[in-house]
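Peer 1: Just so you know, the protein sequences line up as chains A and B, in that order.
All residue numbers for the first sequence refer to the numbering used here, where the first residue is 160 and numbers rise by one.
All residue numbers for the second sequence refer to the numbering used here, where the first residue is 619 and numbers rise by one.
Watch out, some of these pointers could steer you wrong.
Unchecked claim - Label pairs and their calculated CB-CB ranges:
1) A/GLU342 with B/VAL711: 21 to 27 Å
2) B/PHE807 with A/ALA386: 54 to 60 Å
3) B/GLN710 with A/GLN369: 30 to 36 Å
4) B/VAL711 with A/GLN464: 49 to 55 Å
Stated by the list, open to error - Per the computed footprint, the stretches of chain B lying under chain A, defined by three or more beta-carbons under 8 Å from a beta-carbon of chain A, are:
5) 807–814
6) 843–857
Said to hold, decoys possible - Stretch-level coverage of chain A by chain B, calculated; a stretch enters the list once three of its residues show a Cβ under 8 Å from a Cβ in chain B:
7) 165–176
8) 278–286
9) 364–377
Everything labelled a hint here was simulated from the structure, so no lab data went into it.
Ideal Cβ positions, reconstructed from N, Cα and C, are used throughout, including at glycine.
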Amino acid sequence: MIEPFLEVRNARKNFGPTTVLDGVTLGVTRGEFVSLLGPSGCGKTTLLRIIAGLTGADVGDVRLDEQDITTLPPHKRDVGVVFQNYALFPHLSVMENIAFGLKGRVAKDEATRIAARFLDLVHMRDFAERSVRALSGGQQQRVAVARALAVAPKLLLLDEPFSALDRKLRETMQIELKRLLRELGTTAIFVTHDQDEALVMSDRIAVMNQGRIEQLDTPQTLYHAPATSFALQFVGLSTRISGQVIGHQDGNLILIETRHGVVCAPGNFARGSQVIIGIRPERISFGMLDGQNSIAPQLTDIVFQGARVQVHFASAEDEPIILESSARLPTNLASGEAVSISWAPEDTLVFPRDVSA
Amino acid sequence: MKSDRSLVGWLAAPAVFYLTIVYALPLTWLLARSMMGPEGFSLVLFEEFLGDPFSWRVIGNTLRIAGMVTILCLLIGYPVAFALARARGVVQVVLLAAIILPLSIGVVVKAFAWQIVLRRDGVVSQFLVGIGVWSEPQRLLFTEIGLVVGAANVFLPFMILPIYSVVKLIDPRLMEAGATLGVSPVSRFFRILFPLTLPGIVSGLAFVFSLAVSMFVIPSLLIGDRFQTLATLTGRSFLLMRNEALGSVTATVLLVLAVAIVLISSLLARRVGRFA
């Protein structure tokens with residue numbers, strides 16, 4: 160088996176009594192763009208800092224490019240970081256910031272040439288002599304990326320670099336960054352709590368929760384076949400209904416009793432198991448169809464979103480049942496009425512439910 | 619905007635009035651007195667003063683002591699300012715109190731305390747003999763070293779606080795960013811922290827130097843009359859010798875030297891820390 164370009168093995172970290180990383184193992188291939196996605200406090204930034212050498216892990220090791228870097232100080236690791244607040248040097252110009260890591264490493268002319276090239280790559284040529292304090296958020300972000308890439312790190316780490324930008328700019332910068340990294344062939348790990356950002360940018364996404372990686376997969380797999388109910392909940396919209404397995408059917412199907420009726424789904428659970436079923440909103444459609452799971456919940460809201468329409472239904476759970484459609488809606492919908500909706504058994508995701516929680 | 623400006627004028631009025639009466643007028647008189655010859659304006663007093671080798675020894679004493687006190691304060695104060703800025707919670711409160719509370723003790727009291735500490739049978743002497751550095755007790759009181767150490771103690775907060783106020787604003791991630799760019803810890807200090815703390819260092823140097831160059835009580839108590847600085851000489855001229863002419867000249871020389879050094883150092887710092 161080929162060793163991954165970056166490998167984190169069984170990383171653990173406690174801050175006092177709090178476990179921040181609970182045995183994380185992660186492998187990243189050369190040239191890959193991997194996102195660490197999770198809510199705040201899930202340990203994603205700590206994992207990033209351990210890879211960069213800014214924080215030491217209590218247990219576990221880090222290997223990069225066939226070398227054990229676990230105990231190397233950050234300045235000997237060849238791992239670049241783009242910080243959340245960019246951390247540009249306020250006493251230096253844009254050009255000096257970008258050339259910062261080159262000084263003393265290459266000849267002065269060479270440093271100027273490389274810095275100028277990266278200045279061009281991030282479209283900041285006209286700002287070379289400006290103070291970084293005079294830049295907008297998007298411009299600062301570009302300088303931070305150029306500064307980190309100019310020293311040609313083996314691995315680039317990005318800690319929520321878009322979180323301070325407004326939405327429109329964020330989308331432009333995401334595409335720009337993705338293109339730049341692809342052109343340079345840079346391996347990158349990207350920390351974010353924004354699932355849309357992760358889906359757009361990543362080759363693979365590691366969903367993190369409570370100091371663990373719950374699933375590491377391509378965006379497509381993660382969306383269509385989430386491994387845990389947390390992954391389902393955190394990536395994309397979904398409707399979740401709890402239930403209990405009451406029997407089996409042919410073809411590896413199980414019958415689940417929920418408060419909306421009996422639902423059929425693929426899965427391997429013993430009779431009596433407590434489960435959560437999940438359905439993506441675009442998989443649900445209006446009407447009652449043979450061979451499909453059908454329920455008739457009460458309609459509560461119709462949310463118009465332009466290209467798509469979301470329809471919410473009252474659920475026995477905390478969150479509503481959501482249907483999403485880009486087709487024309489039936490004309491006779493009125494809130495407060497029970498409406499039949501259905502979805503295919505194979506679109507039903509089933510996860511074990513922790514009853515004690 | 620116009621009303622804002624006139625408001626500024628009124629807000630500053632009490633201070634301007636006060637300083638004019640108690641500071642600007644006497645200072646003007648002092649400067650005028652130093653340039654008064656037998657027949658009107660003349661620099662003959664300066665010529666006389668600067669022509670005397672004794673005067674140059676006094677100027678040398680003044681600058682040397684003030685310089686050593688300032689550098690000692692910087693060496694001790696710079697790391698303390700970092701500790702203070704990075705400390706959290708109780709530790710920070712205790713540190714801050716340890717730095718600020720001594721300011722409430724009068725200079726005279728502190729100087730007398732140092733007299734006790736620096737005596738032949740004082741704590742320092744006993745300690746150095748105890749650990750074998752000195753073979754027999756020695757007196758540090760009434761020596762230049764004793765004066766520098768004592769004065770540095772009194773002026774240390776004026777070095778720590780301006781540096782602290784600058785360090786506090788430096789994002790710790792800047793040093794991390796430097797590290798991830800492959801820059802060694804020593805280079806990071808000289809290329810990131812040092813230039814960013816330079817404004818604080820310059821303020822601290824200016825504060826301590828101007829205090830040390832003009833100190834009067836501390837040298838009087840810690841080194842005595844045999845060692846004269848411009849400030850002690852000025853004091854003696856007015857209080858003991860009743861020599862207004864000499865006093866006004868030494869005071870003016872002191873003023874010019876102090877202002878020049880502080881101005882030059884600020885200008886230099888401004889050139890180094892271009893964007894800071």
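Peer 1: Now look at each hint and say whether the structure bears it out.
Peer 2: Verification of the supplied hints:
1. Here the CB-CB span from A/GLU342 to B/VAL711 is close to 52 Å, at odds with the stated 21 to 27 Å.
2. A beta carbon spacing of about 47 Å between B/PHE807 and A/ALA386 contradicts the range 54 to 60 Å that was offered as a hint.
3. A hinted range of 30 to 36 Å holds for the C-beta pair B/GLN710 and A/GLN369, which are about 32 Å apart.
4. Distance hint check: the CB atoms of B/VAL711 and A/GLN464 are about 53 Å apart, consistent with the given range 49 to 55 Å.
5. Requiring three or more residues with a Cβ within less than 8 Å of a Cβ of chain A, the coverage given for the region 807–814 of chain B holds, as 4 such residues are present.
6. Given a C-beta distance limit of less than 8 Å, the hint that chain A covers the region 843–857 of chain B is violated, as 0 residues qualify and 3 are needed.
7. Coverage of the region 165–176 of chain A by chain B is violated in this model, with 0 residues showing a Cβ closer than 8 Å to a Cβ of that chain against a need of three.
8. Given a C-beta distance limit of less than 8 Å, the hint that chain B covers the region 278–286 of chain A is violated, as 0 residues qualify and 3 are needed.
9. Closer than 8 Å: that is the beta-carbon criterion, and the region 364–377 of chain A has 0 residues meeting it against chain B, so the requirement of 3 is violated.
Against the hints set out earlier in the document, violations occur for numbers 1, 2, 6, 7, 8 and 9.
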